[in-house]
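Please put together the full structure from these sequences, using the hints given.
Chains D and U, in that order, are what the protein sequence lines are.
Here the first sequence is numbered in this note's numbering, starting from 1 and rising by one per residue.
Here the second sequence is numbered in this note's numbering, starting from 1 and rising by one per residue.
Just so you know, the hints here were simulated from the structure itself, not pulled from any lab data.
Take the hints with a grain of salt, since some may be wrong.
[Claimed, not checked] Just a sample of chain U residues kept apart from chain D, beta carbon distances all over 12 Å, derived:
hint, residue
1, G65
2, D124
3, R250
4, I469
5, E498
6, N510
[Said to hold, decoys possible] Derived DSS-like pairs (lysine-lysine); straight-line CA-CA distance at most 30 Å:
hint, chain 1, residue 1, chain 2, residue 2
7, D, K120, U, K335
8, D, K206, U, K383
9, U, K8, U, K168
10, U, K353, D, K118
11, D, K120, U, K316
Glycine included, every Cβ here is placed at the ideal spot set by N, Cα and C.
Now for the letters of each chain:
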Amino acid sequence: MPKLDLKTAGPFLALVIIFIIGILVNDAFLSSGNLSNILARSSFIGIVAIGATFVITAGGIDLSVGSMAAFISGCMILLMNALMDSVDSMIAIILLAILASLGIGAVAGLINGLLTTKAKIEAFIVTLGTMGIYRSLITYMADGGTLSLNFTIGDVYSEVYYGVLLGLPYPVWVFLAVAVIGYVLLNMTVFGRHCFAVGSNERVAKYSAIHVDRVKTATYMLQGICVAIATIIYVPRLGSASGQTGILWELEAIAAVIIGGTVLKGGYGRIGGTVVGALILTLIGNILNLTDAVSNYLNGAVQGIIVIVAVYLQRGAWRRD
Amino acid sequence: MPENKNNKVVLSAKNLCKSFGTVEVLHGIDLDLRAGEVHAVLGENGAGKSTLVKLLSGFEQLSAGELCLGVDGEGPAPLGHWDNEIAERAGVVLIHQEFNLAEQLSVAENIFLGNEISGVFLLDKKTMRAKSLQYLQVLHSDINPDSAMQDLAVSAKQMVEIAKAQAKNARVLILDEPTAVLTQQESQVLFELVDRLLAQGVAIVFISHKLDEIEQIADVITILRDGALVGHYPAKELSKDDMARLMVGREISSLFPNIPKPSVSDEVALRVTNLTMPGNINPISFELKRGEVLGFSGLVGSGRTALMETVLGLRKAARDNTGHVEVRGEQVCFKQLSSARDKGIAYLTKDRKGSGLLLEKGLAFNFSLFSLHKISRLFIDTKQEQAAFEKAIKTFDIRMKDSSIAAGNLSGGNQQKLLLAKILEAEPSIIIIDEPTRGIDIGTKSQIYHFIAQLIASGHSLILVSSDITEVIGLSHRVAVMYHGEITGVLEGDEIEEHEIMRYATGLKNNISSQTALSQSGITNAKA
Ligand SMILES: Nc1ncnc2c1ncn2[C@@H]1O[C@H](COP(=O)(O)OP(=O)(O)OP(=O)(O)O)[C@@H](O)[C@H]1O
Ligand SMILES: [Mg+2]
Chain D
1 MPKLDLKTAG
11 PFLALVIIFI
21 IGILVNDAFL
31 SSGNLSNILA
41 RSSFIGIVAI
51 GATFVITAGG
61 IDLSVGSMAA
71 FISGCMILLM
81 NALMDSVDSM
91 IAIILLAILA
101 SLGIGAVAGL
111 INGLLTTKAK
121 IEAFIVTLGT
131 MGIYRSLITY
141 MADGGTLSLN
151 FTIGDVYSEV
161 YYGVLLGLPY
171 PVWVFLAVAV
181 IGYVLLNMTV
191 FGRHCFAVGS
201 NERVAKYSAI
211 HVDRVKTATY
221 MLQGICVAIA
231 TIIYVPRLGS
241 ASGQTGILWE
251 LEAIAAVIIG
261 GTVLKGGYGR
271 IGGTVVGALI
281 LTLIGNILNL
291 TDAVSNYLNG
301 AVQGIIVIVA
311 VYLQRGAWRR
321 D
Chain U
1 MPENKNNKVV
11 LSAKNLCKSF
21 GTVEVLHGID
31 LDLRAGEVHA
41 VLGENGAGKS
51 TLVKLLSGFE
61 QLSAGELCLG
71 VDGEGPAPLG
81 HWDNEIAERA
91 GVVLIHQEFN
101 LAEQLSVAEN
111 IFLGNEISGV
121 FLLDKKTMRA
131 KSLQYLQVLH
141 SDINPDSAMQ
151 DLAVSAKQMV
161 EIAKAQAKNA
171 RVLILDEPTA
181 VLTQQESQVL
191 FELVDRLLAQ
201 GVAIVFISHK
211 LDEIEQIADV
221 ITILRDGALV
231 GHYPAKELSK
241 DDMARLMVGR
251 EISSLFPNIP
261 KPSVSDEVAL
271 RVTNLTMPGN
281 INPISFELKR
291 GEVLGFSGLV
301 GSGRTALMET
311 VLGLRKAARD
321 NTGHVEVRGE
331 QVCFKQLSSA
341 RDKGIAYLTK
351 DRKGSGLLLE
361 KGLAFNFSLF
371 SLHKISRLFI
381 DTKQEQAAFE
391 KAIKTFDIRM
401 KDSSIAAGNL
411 SGGNQQKLLL
421 AKILEAEPSI
431 IIIDEPTRGI
441 DIGTKSQIYH
451 FIAQLIASGH
461 SLILVSSDIT
471 EVIGLSHRVA
481 VMYHGEITGV
491 LEGDEIEEHE
501 IMRYATGLKN
511 NISSQTALSQ
521 SGITNAKA
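In C-alpha cells, the structure reads:
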C-alpha cells in the first residue's frame, strides 16, 4: 500500500538538500566529529519529538515538554546528590535516578492526560499551565541559580553521553531505539491505529468501541516517558540544571514533528518524518555555525521559515491518504 | 401547468465527463433541465449521480463536455468558468448528499451562511432569525433557529439544508437524496415545498433510491448505469419495475424480497428492564429473543436512537435510573461501547458521517477499526486484515473504481455498505442497527436483507431501528413503536401493518400501561 510520493519523500528530499548545502559551505561539515556531534545533538529533540508525534497524531498537543525536561533534570540531580551519603555504588545511584526520571515523566504525562480527558480542559491550556508550573518549580529548586551534579557521580554518569558504541555516541543509539519502538507502536499495533482514529475523529472512534480517553492519556504518558529518556542522556552532558534548561524544546519538538509531515490537527502521523525533522533542525543550526554568510543569531528565523514552507508544501497532500 | 415561463430549458449539459485522477467515473452525459419540472436521476450506488449534480452546480470541474445556462427566458448559452459561487449566484443550488453545515454555528446563521443580511454596519440578526423561522415553518418544522447545528438530529439537519436553499432564491434546485434521512411525513412536507417551487418555475433535480417517491413527483427520469447514460424517460411511461430493471441492467425479481422468518427461540438475548432515559418520566422495558428481529418504529425524535445508545453506554441514563440490562441472562452495565462489543453486541449508527466512518482514512482502515482485536496479538496481522476486507467487498458489494481512495470519496450508498461491513466483521451475536439501508440502492438492499435473514436463521438476534416502514414490516417478528421517548406498543402477527404502527407512533394508541414490562408480549411469541 505505501506509495512513494512527494508527501512521504518531501522531508527526506529537504534533508538531502540541506546536507549538500552543508558540504558546500564548509569542509569541516563532513568531518566525523561534526557528523556525530549533529546526531548526538539531534537525539534530545528527536526523542522528545517522537513522543510529540503520538500526542499530535491523537489530536492533542503538549507544550510542557521543555520545562518538564528541566524539572526532571533538577529532580535527578537532587536525588543523586542526596543518595551520595547513603549509597556506595555509583551505578546504583545512577540507575535509581534513571528509574525516578522515568517515573516522574510518566506521572507528569498522566497528569496532562487526565486533565485533558477527565476534566475536559483543552490540551493547549492544560499544558501551557503545567509548562509554567514545572518551569517555576525548577527555578525554585535551584533557588534561582543552578543545580550541579556531584562531581564523582558526574564522572561516572558522563559515560552515558560521551560513550561510544560502534563509532556512534550512546545518545544516537538511544534515539534510534526510541524511533524504532515508536515506529512499530504507531504503525503496527492496535494502540497506534487507535491514535490515528482518535485524532481523525473522536466521535467515530468512540462509536468504534475505542477508549478515547485512555488512548489520549496514554499518548501524554508516552510523551512524558520520552521527555524522561531525553533528560537521562541530557543530564550527563552538562551535569547541571537551571531555570534555563530545556527552554523552547517544545517548539523545536513540534517543529520537527510538523516538518516530518505529521498533521497538527491530528489523525495523520509519521515517525520517520519526525526523525528527519529533528535532523533538519539540528543541521540548520550546525551549518549556520560553520558559515559566516548568515549570522548564527538568525538560527531561529531560518528554522521558522523551514517550518512554514514545509507546512505550505504539505497542505492538502494528506487528504489523499 | 402554467405555460410561457415553464418548460424552457434552464440548464443543459452536453457530453459531460468527469475523471478523478486517471479514473473516469462519468462518461458523456447529456441532460436538459426545464423550468417547472422535476427531473429525477436514478442509478445504483456509485453510478455517478452525485458526481453529475456536483458538476452541474460547480462543486466539481468538468473533465470534458459543456454546460449551457438559459438566462431570463433566453435559450441556453455556453458557460465560461463555472464554480459553485458563480452557480449559486446564477440560482443553481445543490443540497448535498453529505451535509454542508457549520456545526458550531446556529441554525439561523447556517441558513444565511454566505448570504448574510446586513444593516448599515452590522449583521441584521433579527431579520435573519425571523426569516429562518419563516423558512422552517414552511417545512412544518419546529427547529429553534438559535440551536447549535451540532445538537440537531440528522433529519433536522436535512431540514435546515432545505431551509437554507430557500434563502438562496434558486432557479435550479438540486436535491441529492434529501429523503434518505427523512421520515415519510417529513418527505411529504418536502414535496409540498417542491410543488410550490415548481409553480414558481423552478427546475428541480431529485435523486432518491425510493422508487415510490420517484413515481410520485418525477416528470422526467434520467437513468445512469456505471457512469454512463442509459436514457431519459417521461416518468409516466416507467413502472417501478422498469426503473429497477434499467438501473441494474437486468431483471430484478422482486423489489422487496420475501424474507423467511425462522422461528424464534425462547432464550432471551437481551433484556432491558425499567431503563430511564434523561428527560423521561417513564422507564422503558423490552426484550429480544435469540433468533428474533425486533423492529423499532416511530417518528423522528421519538427516542429510538437515544434508547439504543443508552442501553449500549454511549449515552448516560437518567440520574435516577434504577433499571438494568441483561445479556443472555447476565446483568451488565455498559459504560463503553467496547464492553458491549466484548459481550457480542454490535451497533450501527445512523450518523454515518459524524460517528460512523473516518472520512479521511482508507477503506480497509475503516473496515477493521471495530474488530481489530480479532486480527491482532502483539501486532496487527495486515495480511488477514486485507483478506477479510476483500471478502467484505464481495459480501456487501462495495463498489469503487479504485480501492486506495479515502472512505469519504466512496459514493454515499457504498459508504453505508462499508459501515455495515465494519460492524458485522466483529461477528456479533446481537446486532443493533439504526437505519441500516439508508442510501443503499434497491438491488443491494435486497442482497443485504437476505444476508440479515441468514444471520437470523443461524441464531443471531437483531434490533432494527428504521424509518423505512416496508423494511420494518418485511423483516421484523415483532415491532415496538415509540412515541415521545416511550414504547407505546409492541405489535406482532397481523397487527404489524402500516396504519396500526402509525396509530402507536403518533400516540393515538398505547397498549403498554407504562409500568408493565413488555416481556409479557414476548413470552407468547414463539411463532413460525
Ligand atoms: N473525490 C473522489 N475521488 C475519487 N473517486 C471519487 C470521488 N468522488 C466520487 N468518486 C467515485 O465516483 C463514482 C461515482 O460516485 P457518486 O458519488 O457520483 O455515486 P452516486 O451515484 O451518487 O452513488 P450513491 O447512490 O451511492 O450516492 C464512485 O465510484 C466514487 O467512488
Ligand atoms: Mg450519491
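Each hint, compared with the structure:
Once the 12 Å rule is applied to beta carbons, G65/U is consistent with being away from chain D; the minimum gap is 25 Å. Distance check for D124/U against chain D: the nearest CB is about 33 Å away, which clears 12 Å, and the non-interface claim stands. Once the 12 Å rule is applied to beta carbons, R250/U is consistent with being away from chain D; the minimum gap is 34 Å. Taking the minimum C-beta to C-beta distance to chain D, about 26 Å, the non-interface status of I469/U holds against the 12 Å cut.
Interface exclusion of E498/U from chain D stands, the closest Cβ pair being 31 Å apart, more than 12 Å. Even its closest Cβ contact with chain D, about 32 Å, leaves N510/U beyond 12 Å, as expected for a residue assigned away from the interface. Using a Cα cut-off of 30 Å, the hinted pair K120/D and K335/U holds, with the two alpha carbons roughly 18 Å apart. Straight-line distance between C-alpha atoms of K206/D and K383/U comes to about 26 Å, which keeps the hinted pair within the 30 Å bound.
Of the pairs offered as hints, the one joining K8/U and K168/U holds, with about 21 Å between alpha carbons and a cut-off of 30 Å not exceeded. A hinted pair counts as satisfied when its Cα atoms are at most 30 Å apart, and K353/U with K118/D qualifies at roughly 26 Å. Note on K120/D and K316/U: the hinted pairing holds, with a Cα-Cα distance of about 17 Å set against a maximum of 30 Å.
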